[in-house]
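Asker: One line per chain: the protein sequences are A and B, in this order. Counting from 1, position 15 in the first sequence corresponds to residue 18 in our numbering; the numbering is continuous, with no gaps. Counting from 1, position 287 in the second sequence corresponds to residue 290 in our numbering; the numbering is continuous, with no gaps.
These are calculated hints, taken from the structure and not from any lab test. Where is the CB? At the ideal position from N, CA and C, for every residue including glycine. One or more hints might be untrue.
[As the list claims (entries may be wrong)] Just some of the chain B residues that point at chain A, by a computed CB distance under 8 Å:
| # | residue |
| --- | --- |
| 1 | T172 |
| 2 | M271 |
| 3 | S274 |
| 4 | G438 |
2 protein chains.
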Amino acid sequence: MAQTSLRVEREHSVDRVVRRLAESARLDDVGDVPEWLAERRRAGTCEVRRIPFTRLHRWSFEPDSGNLVHDTGKFFSVEGLRVRREGAPDWVQPIINQPETGILGILAKEFDGVLHFLMQAKMEPGNIGLFQLGPTVQATRSNYTKVHQGRGTRYIEYFTGPRRGRVLTDALQSEQGDSFLGKRNRNMVVETMHDVEEHPDYRWLTLGQIHRLLAMDNLVNMDARTVLSSLPLPGGAGPVPAATQPDAASLSWLTELKTRHERTVTRMPLSRVDGWRRCDDEIVHTTGRHLSVLAVSVVAGNREVTHWTQPLLAAPQGLAALVVRRAADGVQVLVQGLAQPGTFDTVELAPTVQCVTEGYTDLDDPPPFLQHVLSAPPERILYSALQSEEGGRFHQRDNLYLIVEADDAFPRDEDLSHSHRWLTLGHLKQFISFGGHVNVEARTLVACLQSLSPEQGWTWTA
Amino acid sequence: MAQTSLRVEREHSVDRVVRRLAESARLDDVGDVPEWLAERRRAGTCEVRRIPFTRLHRWSFEPDSGNLVHDTGKFFSVEGLRVRREGAPDWVQPIINQPETGILGILAKEFDGVLHFLMQAKMEPGNIGLFQLGPTVQATRSNYTKVHQGRGTRYIEYFTGPRRGRVLTDALQSEQGDSFLGKRNRNMVVETMHDVEEHPDYRWLTLGQIHRLLAMDNLVNMDARTVLSSLPLPGGAGPVPAATQPDAASLSWLTELKTRHERTVTRMPLSRVDGWRRCDDEIVHTTGRHLSVLAVSVVAGNREVTHWTQPLLAAPQGLAALVVRRAADGVQVLVQGLAQPGTFDTVELAPTVQCVTEGYTDLDDPPPFLQHVLSAPPERILYSALQSEEGGRFHQRDNLYLIVEADDAFPRDEDLSHSHRWLTLGHLKQFISFGGHVNVEARTLVACLQSLSPEQGWTWTA
Chain A
4 MAQTSLRVER EHSVDRVVRR LAESARLDDV GDVPEWLAER RRAGTCEVRR IPFTRLHRWS
64 FEPDSGNLVH DTGKFFSVEG LRVRREGAPD WVQPIINQPE TGILGILAKE FDGVLHFLMQ
124 AKMEPGNIGL FQLGPTVQAT RSNYTKVHQG RGTRYIEYFT GPRRGRVLTD ALQSEQGDSF
184 LGKRNRNMVV ETMHDVEEHP DYRWLTLGQI HRLLAMDNLV NMDARTVLSS LPLPGGAGPV
244 PAATQPDAAS LSWLTELKTR HERTVTRMPL SRVDGWRRCD DEIVHTTGRH LSVLAVSVVA
304 GNREVTHWTQ PLLAAPQGLA ALVVRRAADG VQVLVQGLAQ PGTFDTVELA PTVQCVTEGY
364 TDLDDPPPFL QHVLSAPPER ILYSALQSEE GGRFHQRDNL YLIVEADDAF PRDEDLSHSH
424 RWLTLGHLKQ FISFGGHVNV EARTLVACLQ SLSPEQGWTW TA
Chain B
4 MAQTSLRVER EHSVDRVVRR LAESARLDDV GDVPEWLAER RRAGTCEVRR IPFTRLHRWS
64 FEPDSGNLVH DTGKFFSVEG LRVRREGAPD WVQPIINQPE TGILGILAKE FDGVLHFLMQ
124 AKMEPGNIGL FQLGPTVQAT RSNYTKVHQG RGTRYIEYFT GPRRGRVLTD ALQSEQGDSF
184 LGKRNRNMVV ETMHDVEEHP DYRWLTLGQI HRLLAMDNLV NMDARTVLSS LPLPGGAGPV
244 PAATQPDAAS LSWLTELKTR HERTVTRMPL SRVDGWRRCD DEIVHTTGRH LSVLAVSVVA
304 GNREVTHWTQ PLLAAPQGLA ALVVRRAADG VQVLVQGLAQ PGTFDTVELA PTVQCVTEGY
364 TDLDDPPPFL QHVLSAPPER ILYSALQSEE GGRFHQRDNL YLIVEADDAF PRDEDLSHSH
424 RWLTLGHLKQ FISFGGHVNV EARTLVACLQ SLSPEQGWTW TA
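My request is simple: use the sequences and hints to build the entire structure.
Answerer: If you want it as structure tokens, here you go:
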């Protein structure tokens, strides 16, 4: 009988991965990467124009439901969603239904003893700047099974079937719960030992280079950020916290919130979603706030097919802010349990503050800690940048991402409302490793928090 | 700023809980507990009779859908389910839809320095023997919010609202994926420091006493077993494995299986479920195999209301077997990833073998390891008992639960199919602690595995 010691093996390999990631993070000279990305932008023919819905090709509104669907029944559809909760009025809204799991994968490989990551100059029609730095593979199932009828997905073979390398991380992670119905993608990092074919749209970068690019506005795309958040790395040069599991009280707190936010979510005809009206070129909320649906025509030179039309969602600009503090055992982060209409499992861990800000300056009832993070003095702001959401589904949607260190005036633990809780960063990362517990905005902030280095005046202990 | 060391606090308290549980497990004289349960059976007036559907009170078949529903729209309904997978024929079947989360809670308290657990002599109409040992609280949301119009749920106040005690475990766990559509219950253990009112249907038992009762057929109900499986205890007297997290490869294996088994699950009218036909007193599969739906009339003296009628599901007897082995770092268990029609998240970790056996002796394609566990010599069988599934929804449904130690003839690790994988018991328990990863049959087997003691010739290391 095999007597393999699974635990010892695991600990050995996790430690080694963490050490190699930390080494890669220390090499952070971005060199000519921004120029390469700019050059790729120039090289790629790309034009995105808004069009009326009638000019969508192979997309149409179903006669009965008014749902916006592709004629293959594939890709995704824009439908209506009804959320019913006891003691509250029903909430209805448009939602993207995309019941297939895509792959967001970063390929890793050692060069001269240092881990590098194969990143892509990726065009997405809704991206601010059109091209951003994406993971090696960013493919819906329709993409990589070729429903597009275009060319296959480059490098997909490292992530599916009998793999050529070693899986470092691999979990199903959610996307925006305000816009997607239970959508998840498989987030993977795979290390290969083999030679990898080169391509001008792709470059091998160190983790340190990626971290520096993450400090800039709208440069590292959402798909790359969520995969980066899964790496077993606490930060650019900080100590690695011991692998810990969340305590019973934290798990119970999350369970309690899921039970408290129990609701029934059902799909409904888009044409019957009250509060939104359909015009020639958009479906828009009567207040002008909330999500809207629009259509674009895309002509591109370096994507799977060269011309297509598709619907996109637009959304007001928002804020996602994480309050952190340093304690004897490392960094702690203040998360909230947030129930969004499309969340796969009712409630996920979310940033301290997550809200729409555009047009909401007159909020009667601002979310907790909004003023705290917006009025933080510069020395308390550890990270601040605008980052885009998925440009394949959203039209120029971005959020301000902030990491703010708590000051002495911050509410004491016992004064926090039940919706918020301090976790160690190690605990939050373990929730991420299981998949399905941490929302995409919080995962972006974890990737940003990991990117901080001592040179930015940030140390990882109190 | 608070500098609380969350990690140190946690580790201290987990260790202390584990030690106290181990102490409670050593006291295993069942004393007069079986007699008390028998006495409760005699004291409770209870009669359960099958009735035709027309004699159901407040339950009826909806005219259009043929769904079997309660006239309040509460409790649960029996509907149809369609599972669609690429490249496979659709699968349809009846399913219970119960979109509310109940509470299964065990109250714990120290007496003379030893942890005891408040267990209930619980009548459920479908139980074999009618009365079994249940958790302190076993209540649907309808129960404890009094849709029954009966009396409130006893001891519920220890599990909801501002609690009187300390939560030891608390997670949402699934129920039978072949019969329920995404149903989950909150599994909780709460320790109180306060005096607790006594009641003749409840007794404080040590963990050791519960473990001895678990060795008997059909005595500890499913609701109690699933809660017990969440306790941070590896076994009656074994060493406690360090808190470990599953390795990247195990998490990736589960993610891969979820992706591979991707499917679309939709509710459909019960009347259109092919293969089943509705008679006066049952809805039955044309082969006589699979689930059937029937109705019962219940007269009972010690439940929330004294007379009611309700539907129940019946199912052929099955087998759930876990193959285990001892390695240098503790016990390892062979699990499979199993996709059942109603599973909340596509695939859950399941026993090595889980199948229906009644009427299936002529299986052309038996599941892997079936012969291995059925033909194991007595000295390799660590646990064997018949245990009932939930008597509030199932009519006399039970399964044979087996724990079998692998012998030298067992397939080598590299010869296992991709659907099976060895995990350490510590890893499996951590999957349980997060909720939603381990199916109810596997959780029963974990509770049974934890109940084994050295007196039964079982030690926890190789």
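Asker: None of the hints should be skipped; say for each whether it holds.
Answerer: Here is how each hint holds up against the structure:
1. Residue-level restraint check for T172/B holds (minimum Cβ-Cβ distance to chain A is 6 Å; threshold 8 Å).
2. With 8 Å as the threshold, the beta carbon of M271/B stays out of range of chain A, its nearest partner Cβ sitting at about 14 Å, so the hint is violated.
3. Proximity of S274/B to chain A is violated relative to the hint, the smallest CB-CB distance being about 20 Å (cut-off 8 Å).
4. The closest approach between the C-beta of G438/B and any C-beta of chain A is roughly 7 Å, which is under the 8 Å cut-off, so the hint is satisfied.
When the structure is compared with the earlier hints, violations turn up for hints 2, 3 and for no others.
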